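**Q** What follows is the residue order along each chain.
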Amino acid sequence: MTQTQNGKAEKARRFQNSHLAQAWLCIVLALFFGGALAAVEANLGPIIAANKLNESKARVPELLLGAESGAQKADQGQAMTVTPRTVEIDKKGIKKFYTVFEASYADGRPAGWVTKVGGQGYADRIELLLGLTPDLERITGLFILDQKETPGLGNKIVEPKWRDQFKQKATHPGLKVVKTGAQNSNEIDAVTGATISSRSVVNIVNESVADLKKKLSTVPESGKDK
Amino acid sequence: MADQPTAFERFIQGILPENPVYRQVLGMCPVLAISNSMKSAMTMAGAVLFVLLGANVVTSLIRNLLKPHLRIVVFTLTIAAFVTIADRFLAAYMYQMSKALGPYIPLIIVNCIIICRCEVCASKQSVYVAAADAVGQSIGYALALASIASVREILGTGMFFGTRVLPTAWPNLAVMILPPGAFIALGLLLASANWIQNRKAKSGPKAKPAH
Numbered sequence: 001m002t003q004t005q006n007g008k009a010e011k012a013r014r015f016q017n018s019h020l021a022q023a024w025l026c027i028v029l030a031l032f033f034g035g036a037l038a039a040v041e042a043n044l045g046p047i048i049a050a051n052k053l054n055e056s057k058a059r060v061p062e063l064l065l066g067a068e069s070g071a072q073k074a075d076q077g078q079a080m081t082v083t084p085r086t087v088e089i090d091k092k093g094i095k096k097f098y099t100v101f102e103a104s105y106a107d108g109r110p111a112g113w114v115t116k117v118g119g120q121g122y123a124d125r126i127e128l129l130l131g132l133t134p135d136l137e138r139i140t141g142l143f144i145l146d147q148k149e150t151p152g153l154g155n156k157i158v159e160p161k162w163r164d165q166f167k168q169k170a171t172h173p174g175l176k177v178v179k180t181g182a183q184n185s186n187e188i189d190a191v192t193g194a195t196i197s198s199r200s201v202v203n204i205v206n207e208s209v210a211d212l213k214k215k216l217s218t219v220p221e222s223g224k225d226k
Numbered sequence: 001m002a003d004q005p006t007a008f009e010r011f012i013q014g015i016l017p018e019n020p021v022y023r024q025v026l027g028m029c030p031v032l033a034i035s036n037s038m039k040s041a042m043t044m045a046g047a048v049l050f051v052l053l054g055a056n057v058v059t060s061l062i063r064n065l066l067k068p069h070l071r072i073v074v075f076t077l078t079i080a081a082f083v084t085i086a087d088r089f090l091a092a093y094m095y096q097m098s099k100a101l102g103p104y105i106p107l108i109i110v111n112c113i114i115i116c117r118c119e120v121c122a123s124k125q126s127v128y129v130a131a132a133d134a135v136g137q138s139i140g141y142a143l144a145l146a147s148i149a150s151v152r153e154i155l156g157t158g159m160f161f162g163t164r165v166l167p168t169a170w171p172n173l174a175v176m177i178l179p180p181g182a183f184i185a186l187g188l189l190l191a192s193a194n195w196i197q198n199r200k201a202k203s204g205p206k207a208k209p210a211h
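As they're listed, the protein sequences go chains A and B. Under this note's numbering, the first sequence has 9 at position 9, and the numbering climbs by one with no breaks. Under this note's numbering, the second sequence has 62 at position 62, and the numbering climbs by one with no breaks.
Hint data in this document are derived by calculation from the structure and do not stem from the laboratory. Remember, it's a predicted structure, so these values are computed and weren't measured experimentally. Virtual Cβ for every residue (Gly too), placed ideally from N, Cα, C. It is possible that some hints are incorrect.
Cross-link-like lysine-lysine pairs, in silico, DSS-like; alpha carbons within 30 Å at most [what the hints assert, rightly or not]:
#1 A:Lys11 with A:Lys52
#2 A:Lys148 with B:Lys39
#3 B:Lys99 with A:Lys57
#4 A:Lys148 with A:Lys57
Take a look, some chain A residues computed to stay more than 10 Å from chain B by CB distance [said to hold, decoys possible]:
#5 Lys11
#6 Cys26
#7 Leu29
#8 Asn51
#9 Glu55
#10 Pro134
#11 Arg199
#12 Val202
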């Protein structure tokens, strides 16, 4: 009799000390909050994605024509039509997706491409917008959307002074980062103290231009294919 | 339990006597980082109100189920859920603001004001008291943020809430917008708050013992 009682008490004590009895509140709350957050995300996710897309889209004229003439053109009612689309690239079995904005002037002439690309930086992923001429031979502009590089050093990549080096650069021999003053036309000055951040941006640019050239050059001149 | 403050006391305490910024000096990271304009300061205060109210109410509802050694995990879980909702909401409906505030909204998760209120008040008192406490503390936080942000925005840009209040001849003190300005403004305001407190304590009769 006492033995069974002892056994029962022992069982109850063990249950009291088990992980499940200790942590059930955490588990229930985690499931409950997880469900609630999933519902929030399902409702707000598309709105947030649209916000991000619109932010990139609003930058397109500036990236293709430069800040001033971009604004001028918009004032004169020569706003461009910007069509977002997704380009799929098959790289040795790995599929990569690029968000590409195809811009054309009001009269139907192609204005160029703006693509949203990203890659590993020094601290975290760097996301940027890259403006290209219709034939993808020249870069028309660069804008950093998102970065978490070292404040004071690497995050200088967002400054126009550094970004403007990319303007009018030819894309054919890939760009190169140099530390001692750019001399050749395909060289980019590194940000002082942030060679890795600078190199990351240049690598992202080179890689995405190479990828997009394969895909977009096969597309007939923009404006006709839609 | 008899000596626990009532809902009204909790509410009043949060605003001035136990102001989270000036008296408890808690959660200084966002206070320094986002107080360079009134708009971002007030958005931050709104987010803190939402998170603190949610966390306090939920914690108070489950206070009898809490296991003492697992309480911090539960607090953090609750806070994180509400912070994520606030963060997503801002990203969906106030996108520019959400970009300006950057990581400081998600960082409310580790803001000690909220975990402190869960620990001190919500895990011990009723939902009603916990809600009053959350609102009081949030108002106190908002007032403190507003005081720092208005000093910084007015001196730094000559504007208040984005509208010009000082003549255009005012030389904008850029340093007030930059991080050093945050420390300067906070230091001077904290010093004056302490000075007022000390003068009061000296001149007034010592009726109230300090907590």
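**Q** Against the 30 Å threshold, does the CA-CA distance of lysine 99 (chain B) and lysine 57 (chain A) hold or violate the hint?
**A** holds (17 Å)
**Q** Going straight from one Cα to the other, do lysine 148 (chain A) and lysine 57 (chain A) come out at no more than 30 Å?
**A** With a Cα-Cα distance of about 22 Å, the restraint between lysine 148 (chain A) and lysine 57 (chain A) holds, given a limit of 30 Å.
**Q** Per the stated criterion, does the least C-beta distance between glutamate 55 (chain A) and chain B lie above 10 Å, as a non-interface residue requires?
**A** violated (7 Å)
**Q** Measuring Cβ to Cβ, find out whether lysine 11 (chain A) lies farther than 10 Å from everything in chain B.
**A** At about 20 Å from chain B, lysine 11 (chain A) clears the 10 Å cut-off, so the statement holds.
**Q** Holds or violated: are the alpha carbons of lysine 11 (chain A) and lysine 52 (chain A) at most 30 Å from each other?
**A** Violated: lysine 11 (chain A) and lysine 52 (chain A) sit about 56 Å apart, past 30 Å.
**Q** Taking only the CA atoms, is the gap from lysine 148 (chain A) to lysine 39 (chain B) under or equal to 30 Å?
**A** holds (24 Å)
**Q** Are all beta-carbon distances from asparagine 51 (chain A) to chain B longer than 10 Å?
**A** violated (4 Å)
**Q** Closest CB-CB distance from arginine 199 (chain A) to chain B, is it above 10 Å?
**A** holds (25 Å)
**Q** Looking at leucine 29 (chain A) again, its CB stays over 10 Å from all of chain B?
**A** Incorrect as stated: the minimum Cβ-Cβ distance to chain B is 5 Å, not above 10 Å.
**Q** Beyond 10 Å from chain B, beta-carbon-wise, is valine 202 (chain A)?
**A** holds (25 Å)
**Q** Evaluate the condition: distance from the CB of cysteine 26 (chain A) to the nearest CB of chain B exceeds 10 Å.
**A** Non-interface label on cysteine 26 (chain A) violated, nearest chain B Cβ at 6 Å vs cutoff 10 Å.
**Q** Going by Cβ atoms, does proline 134 (chain A) stay more than 10 Å from chain B at every point?
**A** Since the minimum Cβ distance to chain B is about 30 Å, proline 134 (chain A) lies beyond 10 Å and the statement holds.
Checked against the numbered hints above, the structure breaks hints 1, 6, 7, 8 and 9 and satisfies the rest.
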